[in-house]
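For the protein sequence lines, the chains are F and G, in the order given. Numbering (this note's numbering) for the first sequence: 1 to 356. Numbering (this note's numbering) for the second sequence: 1 to 337.
Incorrect hints may have been included.
[Unchecked claim] Short derived list, chain G residues pointing at chain F, Cβ under 10 Å: (1) 75; (2) 159; (3) 160; (4) 192; (5) 197; (6) 265; (7) 269; (8) 279; (9) 280; (10) 308; (11) 310; (12) 311; (13) 313; (14) 316.
[What the hints assert, rightly or not] Derived CB-CB ranges, DEER-like: (15) G/268 - F/10: 45 to 55 Å; (16) F/111 - G/143: 20 to 30 Å; (17) G/148 - F/308: 52 to 62 Å; (18) G/74 - F/18: 24 to 34 Å; (19) G/313 - F/242: 33 to 43 Å; (20) F/35 - G/208: 24 to 34 Å; (21) F/300 - G/313: 33 to 43 Å; (22) G/285 - F/66: 39 to 49 Å; (23) G/282 - F/266: 36 to 46 Å.
FYI, nobody ran anything at the bench for these hints, they're computed from the structure. Just so you know, even glycine gets a beta-carbon here, dropped at the ideal spot from N, CA and C.
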Amino acid sequence: MNSPPLLDVAGLETHFPVRRGLLRRQVGSVRAVDGVSFSIAKGRTLGLVGESGCGKTTVGRSVLRLVEPTAGTVRFAGTDVRATHGAALRALRRRMQIVFQDPYGSLNPRMTIRAILEEGLVIHRLGTADERLVRVRAALERTGLTASALERYPHEFSGGQRQRIAIARALVLEPDFLVLDEPVSALDVSIQAQVVNLLVELREQLDLTYLFISHDLSVVEYLADEVAVMYLGRIVERAPADALYRAALHPYTLSLFSAVPTIDPARRRRRIVLSGDVPSPARPPSGCRFHPRCPLAESVCREADPPAAGDAVHVVHCHVAARELDRAGDAGAAAARITDMLARSGSATLSGGVGT
Amino acid sequence: MPLLDIRDLVTAFHTPDGRVPAVDGVSLAIERGRTLGLVGESGCGKSVTAMSILGLVAAPGVIESGKILLDCDGRTDDLVTLPERDLRRVRGGRIGMIFQEPMTSLNPVFTIGDQITEAVRLHRDVTPALARARALEMLRLVRMADPERRLDEYPHQLSGGMRQRVMIAMALACEPDLVIADEPTTALDVTIQAQILELLGDLRRRLGTAILLITHDLGVVAETCDDVAVMYAGRIVEQAPAAELFARPRHPYTIGLLAARPTGRRSGPLTTIPGMVPAPRDFPAGCRFHPRCSFARLPDCTTHTPALDEIAPGHLVRCPFADALGPPRPSTPGTAP
Numbered sequence: 001m002n003s004p005p006l007l008d009v010a011g012l013e014t015h016f017p018v019r020r021g022l023l024r025r026q027v028g029s030v031r032a033v034d035g036v037s038f039s040i041a042k043g044r045t046l047g048l049v050g051e052s053g054c055g056k057t058t059v060g061r062s063v064l065r066l067v068e069p070t071a072g073t074v075r076f077a078g079t080d081v082r083a084t085h086g087a088a089l090r091a092l093r094r095r096m097q098i099v100f101q102d103p104y105g106s107l108n109p110r111m112t113i114r115a116i117l118e119e120g121l122v123i124h125r126l127g128t129a130d131e132r133l134v135r136v137r138a139a140l141e142r143t144g145l146t147a148s149a150l151e152r153y154p155h156e157f158s159g160g161q162r163q164r165i166a167i168a169r170a171l172v173l174e175p176d177f178l179v180l181d182e183p184v185s186a187l188d189v190s191i192q193a194q195v196v197n198l199l200v201e202l203r204e205q206l207d208l209t210y211l212f213i214s215h216d217l218s219v220v221e222y223l224a225d226e227v228a229v230m231y232l233g234r235i236v237e238r239a240p241a242d243a244l245y246r247a248a249l250h251p252y253t254l255s256l257f258s259a260v261p262t263i264d265p266a267r268r269r270r271r272i273v274l275s276g277d278v279p280s281p282a283r284p285p286s287g288c289r290f291h292p293r294c295p296l297a298e299s300v301c302r303e304a305d306p307p308a309a310g311d312a313v314h315v316v317h318c319h320v321a322a323r324e325l326d327r328a329g330d331a332g333a334a335a336a337r338i339t340d341m342l343a344r345s346g347s348a349t350l351s352g353g354v355g356t
Numbered sequence: 001m002p003l004l005d006i007r008d009l010v011t012a013f014h015t016p017d018g019r020v021p022a023v024d025g026v027s028l029a030i031e032r033g034r035t036l037g038l039v040g041e042s043g044c045g046k047s048v049t050a051m052s053i054l055g056l057v058a059a060p061g062v063i064e065s066g067k068i069l070l071d072c073d074g075r076t077d078d079l080v081t082l083p084e085r086d087l088r089r090v091r092g093g094r095i096g097m098i099f100q101e102p103m104t105s106l107n108p109v110f111t112i113g114d115q116i117t118e119a120v121r122l123h124r125d126v127t128p129a130l131a132r133a134r135a136l137e138m139l140r141l142v143r144m145a146d147p148e149r150r151l152d153e154y155p156h157q158l159s160g161g162m163r164q165r166v167m168i169a170m171a172l173a174c175e176p177d178l179v180i181a182d183e184p185t186t187a188l189d190v191t192i193q194a195q196i197l198e199l200l201g202d203l204r205r206r207l208g209t210a211i212l213l214i215t216h217d218l219g220v221v222a223e224t225c226d227d228v229a230v231m232y233a234g235r236i237v238e239q240a241p242a243a244e245l246f247a248r249p250r251h252p253y254t255i256g257l258l259a260a261r262p263t264g265r266r267s268g269p270l271t272t273i274p275g276m277v278p279a280p281r282d283f284p285a286g287c288r289f290h291p292r293c294s295f296a297r298l299p300d301c302t303t304h305t306p307a308l309d310e311i312a313p314g315h316l317v318r319c320p321f322a323d324a325l326g327p328p329r330p331s332t333p334g335t336a337p
């Protein structure tokens with residue numbers, strides 16, 4: 001927290017135009033990311049969680065400018081990423097890499113592993129052919145693969161091995177920062193643990209900073225230092241991981257956590273079942289975007305956008321949580337109150353569905 | 001007599017590279033009104049088991065041996081030998097189906113009402129008006145918001161959760177004795193998954209339908225199933241009542257799967273199962289888990305297929321060392337950490 005952040009994102013907005021008709025006129029826009037701010041200190045991991053369509057993937061891509069943001073600032077190591085062009089942007093991108101979810105779709109099937117790993121070095125004009133090979137081998141070995149993989153093609157590898165190759169491709173440029181977009185979601189449980197361990201090892205050995213995007217709350221709790229929860233293009237709550245998992249304040253965060261099925265009866269929470277589906281980001285609701293599904297919604301929630309409440313480390317955007325924080329004084333007591341209110345709202349059922 | 005009794009099922013695919021036994025001697029029984037979870041990782045044969053029950057194994061796959069006995073009104077049919085004409089009456093009639101991806105299981109050019117009505121009229125001799133009334137009743141049963149309007153909508157107009165409700169409505173339209181649900185919530189978000197699992201549980205209590213739930217998610221199994229069978233490489237390696245299995249897993253694979261899940265903040269590396277899931281054409285000899293097993297690796301493990309032994313009432317394990325593995329059996333049950 002004391003060192004200046006490596007990545008600092010403020011007021012980030014990424015809107016996609018909706019076009020209709022013969023002339024492809026713009027009739028509206030999908031506000032995929034609509035005012036997102038966060039920062040990550042060097043060597044730390046921010047977990048970005050939320051359900052499909054909440055905009056978490058678009059945040060990751062906007063930070064790297066793989067999609068062009070509409071507004072806001074992205075600062076990486078003090079440099080304004082959005083104001084950087086040409087060679088300077090290329091130099092910046094060498095330090096910021098991404099690993100995608102799908103290990104089948106993200107590797108070119110016609111290229112050997114060697115060519116896949118070398119491509120970035122060639123684009124960035126780094127090293128002679130011999131030096132490049134040394135770096136490619138080193139990156140492969142870091143991810144637990146051997147040089148025997150070099151002349152083979154992606155289809156010869158399993159899902160877990162392909163994800164190691166994708167990680168090696170990101171590492172070969174010796175970046176400081178990785179966007180990990182659902183890196184273990186497509187993998188089987190037994191393989192997922194291997195890749196999670198690898199990511200933790202690499203973070204420690206190479207002093208890497210991660211933006212870890214996932215819908216899997218258990219994996220995020222395991223490896224993130226800080227967690228931000230997104231809903232419909234906005235961050236609704238952000239806190240250090242242990243604080244968030246112990247005392248979440250936002251009704252959405254609480255219902256999300258309560259919905260995760262668990263095998264451990266001691267960790268089972270009273271389930272808050274939300275009604276309805278996530279609204280379309282093309283027509284976000286007025287006021288608090290969660291209000292149509294929120295069991296605690298009041299009239300103010302329909303009218304006013306909730307401002308940030310809480311302290312410097314635990315921030316929540318919720319009118320009810322803000323009031324309870326004021327009343328209770330500390331997050332733990334407020335979280336207990338809000339959990340209790342949700343339980344009494346009639347939307348809660350004891351977990352255990354079919355078998356009880 | 002259980003509702004469904006699978007005995008020594010072998011389903012193999014005959015590919016140009018040779019015979020691939022995706023399901024290799026599976027025996028399972030489902031009692032009326034119970035929920036059985038069939039869990040395992042990709043390629044373990046859990047979906048092929050489901051397709052075998054429904055007679056939907058596509059060429060080059062073929063059921064080579066075994067019986068699939070369905071008990072109904074005092075009559076027992078073997079689904080393996082049942083003619084296709086009769087099987088069609090079983091599918092969607094006595095056995096309902098829910099698949100993972102409702103978008104690909106629903107026909108995009110017909111309305112929701114048409115599709116549920118068709119399911120009803122295939123199995124019941126009713127007038128179109130009565131079938132439509134039944135479709136509306138089913139949409140109400142699965143708690144679809146605004147059911148009258150939904151009847152005339154197309155699948156693409158619904159969200160993923162609503163489409164899965166339509167699938168459930170279709171599966172239950174003919175009051176089946178058994179519903180086979182293959183990863184019914186895997187494509188859904190966790191808050192929508194909670195809605196669907198709650199709905200399935202509620203329907204089971206009210207209608208007494210037995211459910212075969214196929215999933216890779218142990219948490220879903222723990223919260224929804226009465227019994228669990230764990231599959232690995234085409235075989236069942238462990239089977240027990242759910243509470244027993246999660247409190248006292250005995251097979252090294254089950255123990256490894258449970259330990260590999262992250263729970264809470266990182267206090268050290270996650271326990272991993274070394275190596276990877278073998279493809280059906282590379283199933284090893286002997287115990288199929290032996291190359292990845294971190295417990296007993298005796299010469300026996302590499303040559304002999306262990307039997308599925310009952311080590312406690314209702315708890316079956318395919319490992320001769322099962323008694324020595326896993327947490328000890330406490331004198332009072334239910335005291336797992």
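**Study point:** Hint numbers not upheld by this structure, sorted from lowest to highest
**Key:** 1, 9, 10, 11, 12, 13, 14, 15, 16, 17, 18, 20, 21
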